[in-house]
Each structure stands twice: as C-alpha cells, then as structure tokens.
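Got chain V sorted already, so can you dock chain B onto it with the hints?
Line by line, the protein sequences give chains V and B.
Using our numbering, the letters of the first sequence correspond one by one to residues 1 to 182.
Using our numbering, the letters of the second sequence correspond one by one to residues 1 to 123.
It cannot be assumed that every hint is accurate.
Pairwise CB distance ranges, derived in the manner of DEER restraints [to be verified]:
(1) V:25 - B:87: 40 to 48 Å
(2) V:90 - B:64: 36 to 44 Å
(3) V:125 - B:72: 24 to 32 Å
(4) V:42 - B:77: 42 to 50 Å
(5) B:29 - V:46: 32 to 40 Å
(6) B:92 - V:89: 32 to 40 Å
(7) V:142 - B:24: 54 to 62 Å
(8) V:133 - B:24: 18 to 26 Å
(9) V:141 - B:74: 49 to 57 Å
Stretches of chain B that chain V covers, calculated by requiring three or more beta carbons in the stretch to come under 8 Å of a beta carbon on chain V [said to hold, decoys possible]:
(10) 8-18
(11) 76-85
(12) 102-110
Derived from the structure by calculation, the hints contain no laboratory data.
By construction, the Cβ of each residue, glycine as well, lies at the ideal position given by its N, Cα and C atoms.
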Amino acid sequence: MKLNQLANQPELRQMDVSFINHFIESATNVFDTMLGIQITRKSLSLKDSPAPTHEVSAIIGLSGRVSGSVVVSFCTNVALKGAGEMLLTEYDDVNAEVVDAVGELTNMIAGGAKAAMDNMELSLGLPNVVCGKDHKIFFPGNVKPVSVGFDTPWGEMAIDVGFNEVLEGSLESVAAQETVGV
Amino acid sequence: MKILLVDDSGTMRAIQKRCLFKLGVAEDDVVEADNGQTGLAEFEKDTFDIVMTDWNMPVMDGLTMLKEIRSRNADIPIIMITTESERARVVAAIEAGVSDYLVKPYTADALNAKLEKWVPTSV
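Chain V on its own, in the form it takes in the complex (with noise of 0.2 Å):
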C-alpha cells in the first residue's frame, strides 16, 4: 500500500502519515551511512496494538509538541548483521553488543526522523532493546502505530511509530507544514 492511500483511511490521521515518511528518509540513510547497504520499503499497514515484531525490537520515545514511540524491529540475522558490519565483528547469538548497536542504530533513526520535525520541538528518549521471538510491544490504548516493513540484504526489518497530540492545534499545524511524497 502506497502511504496517499494509507492517508485515505479514516482512523489514520494526517499527522501520522507526514511522520513515517521522516523515518523512512532517515532509515534508508542511516543503514546506507552506517552499514552500507541500501533497504527497500515494502509493507505498509495501521496495526492494532500490540505489534507483532521481528526478534530483536529498540524502543524509543520521543516527547515535545506531540509524544509517541518509534520501534524498529529487526529480524535476528538484520541485528547480527548489522552489529558485525559496525564492530567488524561476526556474531552468532545476540549479545550485549548487539544490542547495543542495535540500539544505537534505533537511536540514529530516531534522531534523523526528529532533525526534519524541527517544528515539533521533540526530544529523544534512550533506547530500550527488547529480544525473543514473538515478543509484543503495547502501544498506548488509543494509538494506533503505522508500520513499515523494509527488505534488507540480510533480512527483514520493520519500524512501528505512534504519536499522541499534547498540545492542542499540533495536529493541524504539522499537516500544514508537513508534505505526504511517498
């Protein structure tokens, strides 16, 4: 589903749609910059929460003129990957490492999505990594996350963002300011 269509359904609002297109852009260059490798959007979907993942998920908050959570879930082997391309390191299981470049990874995602939200005011939260097959991760009860899936070379990845309004009028300012091009 292209995101012009996604944007036609009624639950999903404008809001929503500006923001996933932030942290596609940053994403793509972040795993172009950081591993060298180019990831492909696929699957584009509103999911109930919780949201279903991939093994290995970094969670981020973010807070300002709209709070929310941006997760980015990778399947094992993308973490591994990923882990061994920055540490030129292999690695079989995940680790502590791995982890931790996961995290970062997340983090450098997140940071790029809120560089071109700059009139949201955001600050970042620390990632937290969760691990284990079929794990969930809960949104709060009245957001519903738009998901993305991503092909990678060594697998695939997804990244899950929900946003919640905090001061009154963001909404519509951000779909003023804000431009839907995927």
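Quick look at chain B alone, frame taken from chain V:
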C-alpha cells in the same frame, strides 16, 4: 595525545576508537566513559588533549558535561558527536563552547576528516 571519549554506546566508542588508532593514537591514551558524570570524573582525574562526547546519555548528558568542562578549562578542544542536528541544538552547543560538531550517522571518511583536524597525524 590523551583523549577522553564519552558515549553511552559501546558500539560508537568502538567505531571512534578504531578511527583514533588509525591516526596513531595509542590504546592507552584513550579513556572511555559511558555518561557525562563519569566523563567529568575522568576529566578531573587526568590531563587530556581532546574530549569527544555524545549528547544524549543517561545520568548526565553531553551538553551539561561540556558546560562543566568549559567552566574548568576554556581551551581544550571538545568535539560533540551526536544525532542532535536541529539548528537550536547546534546553537546551544556552540554557546556552551563546543569546538567542533559531527552529526550521526556519519561515514568513516567524515569521522576521519573530523578527527584529523584535531588529532595530529604524528601522535
């Protein structure tokens, strides 16, 4: 050439150390800390030629540590390496006395170029 390297991510410290070692910095001359508070404690224990620091860290962030170090030493080069790239953040770092700034993600070449500027190749 003694360098204080402050980042809560061991991954990022490893990448930066790799670059420093390629420039000839000795392993023993890089002191690591994983937050601003321990970074400041290390700074007070020793004499350093350069400080490299992240911004977002637990306990004490890099900007707070930068201000603390500047209040003790007006001259030491302090390089901030961070995901924080909004204009207001960069201005805040400049006002606090940062010497140089590199935004994550960075290529190996960009990191190398930034460090070459501050680390003499003959170290």
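Here is how each hint holds up against the structure:
1. Checked against the given bound of 40 to 48 Å, the beta carbons of residue 25 of chain V and residue 87 of chain B, roughly 19 Å apart, lie outside it.
2. A beta carbon spacing of about 38 Å between residue 90 of chain V and residue 64 of chain B agrees with the range 36 to 44 Å that was offered as a hint.
3. Separation of residue 125 of chain V from residue 72 of chain B is about 29 Å and conforms to the stated range, judged on CB atoms against 24 to 32 Å.
4. Checking the proposed 42 to 50 Å range against residue 42 of chain V and residue 77 of chain B shows it holds: the Cβ atoms sit about 45 Å from each other.
5. A beta carbon spacing of about 52 Å between residue 29 of chain B and residue 46 of chain V contradicts the range 32 to 40 Å that was offered as a hint.
6. A hinted range of 32 to 40 Å for the beta carbons of residue 92 of chain B and residue 89 of chain V is consistent with their spacing of about 36 Å.
7. Under the hint 54 to 62 Å, the C-beta atoms of residue 142 of chain V and residue 24 of chain B, about 56 Å apart, fit the expected range.
8. In this structure, residue 133 of chain V and residue 24 of chain B break the distance hint of 18 to 26 Å, their C-beta atoms being roughly 46 Å apart.
9. At roughly 52 Å, the beta carbons of residue 141 of chain V and residue 74 of chain B sit within the given window of 49 to 57 Å.
10. Closer than 8 Å: that is the beta-carbon criterion, and the segment 8-18 of chain B has 8 residues meeting it against chain V, so the requirement of 3 holds.
11. Interface restraint, the segment 76-85 of chain B with chain V: holds (4 residues with C-beta to C-beta distance below 8 Å; minimum three).
12. For the segment 102-110 of chain B, the stated coverage by chain V holds: 4 residues have a C-beta nearer than 8 Å to a C-beta of that chain, and at least 3 were required.
Of the numbered hints listed earlier, those contradicted by the structure are 1, 5, 8.
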